[in-house]
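2 protein chains.
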Amino acid sequence: MYTISSNTFKTWERFYRANFINSLTGFKSVSLIGTVNKKGQCNLGVFSSVVHIGSDPALVGYINRPRKAAPHTLANIEATGSYTINHIHADFLPRAHQTSAKYSEGINEFEAVGLTPEFDENNIAPYVKESKVKYALNLKEIIPIPFNNTFLVIGEIQHIKIDSEIMMTDGFLALEKIGTLCSNGIDSYYTTQLVDRYRYAKPDLKPETF
Amino acid sequence: MYTISSNTFKTWERFYRANFINSLTGFKSVSLIGTVNKKGQCNLGVFSSVVHIGSDPALVGYINRPRKAAPHTLANIEATGSYTINHIHADFLPRAHQTSAKYSEGINEFEAVGLTPEFDENNIAPYVKESKVKYALNLKEIIPIPFNNTFLVIGEIQHIKIDSEIMMTDGFLALEKIGTLCSNGIDSYYTTQLVDRYRYAKPDLKPETF
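Protein chains in written order, with this note's numbering: chain A, 1 to 210; chain B, 1 to 210.
Derived from the structure by calculation, the hints contain no laboratory data.
Be aware that a few hints might be false.
Copies of the same chain look alike in the list, so a pair counts if it fits in one copy or across any two.
DSS-like cross-link-like pairs, simulated, lysine-lysine; straight-line CA separation at most 25 Å [as the list claims (entries may be wrong)]:
#1 K102 / K206
#2 K177 / K38
#3 K38 / K140
#4 K129 / K206
Quantities reported herein were computed from a predicted structural model and do not represent experimental measurements.
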């Protein structure tokens, strides 16, 4: 076991440190966030910081980087109050990753990378047609995180589109059946394999799987 | 493709909806958070809402449920300013899941489930000895999320303990080599398999793997 203190990693080269610290929090969800500006131009970006906040109301957060580094998604959400979050699968992974390139404001990433915007009467932000699990949110609040100029963006889920074959009888979604990917660090993508589902844990019982 | 609106899922039975909404955000990190109170009694809980906030400073967040539902970890962090986040591996998964049981305040979950607290001169919160990637944080801020009485708890990484074999030459941590698990929903745990690492994306280049 190797111990590293903040005094050490603060001196590391910037990209080395970013690779390291981004991997440290473990495997994480990775999704495409779809938005549109007031002129109707679509935007699509890859985000690996989506976090569940609550089920009732159904609240989801994500961390948006500082405005200078990642301006378009945040500006569109502020302007329209609408966005979609779309799971990523291996068959369109290269195109999903490519949305992380810094395209200029006038570029529609759907067109630039070759993914299909899917419009719907329920929300103005586009879904990604290729995605098998996706949901549309209304903005609830943008909370600034002062230490590094990032933001916690909180939305409430309005509509959900899923492949019904993954819905189990207790509401659980078997995401591995449709190959939803997860990520590690800045640039690595993974499939998953179920180890076990466990029953609700109680203090006086031993852990029990389904 | 099946569309579900919030008017529908708001009427669902509570546990069914929780299973569903918790799965919707995709695979996520799952970790044990170790704390200690001012009397020296340790606490350990499983959390699947750890999120990377930044690398410089090295900031990590997690969502703490409402105080009534999950009081001990938050109270200990407030009292001491210190906590550890520890990856979970398959060889101690049943014990890790069992920390989600609602033990009363006087119970030390390390003892109750059979995991080993690891003390260190650098921080008062205990690590989990069985974990192969773990890090200690100092509390930076607790941000209340008013919509459902949860909290975004933000800490700055102070010390990191890792198995050095997983450190790649560019700082990336190959977590699949030590079987760090991820989770889905409330109660499911997964191993991962690398699909690809991609190079930094640029607008005028095609996606390229390592």
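Going through the hints against the structure:
1. K102 / K206: between (50 Å within a copy, 13 Å between copies)
2. K177 / K38: neither (37 Å within a copy, 46 Å between copies)
3. K38 / K140: within (19 Å within a copy, 37 Å between copies)
4. K129 / K206: between (44 Å within a copy, 21 Å between copies)
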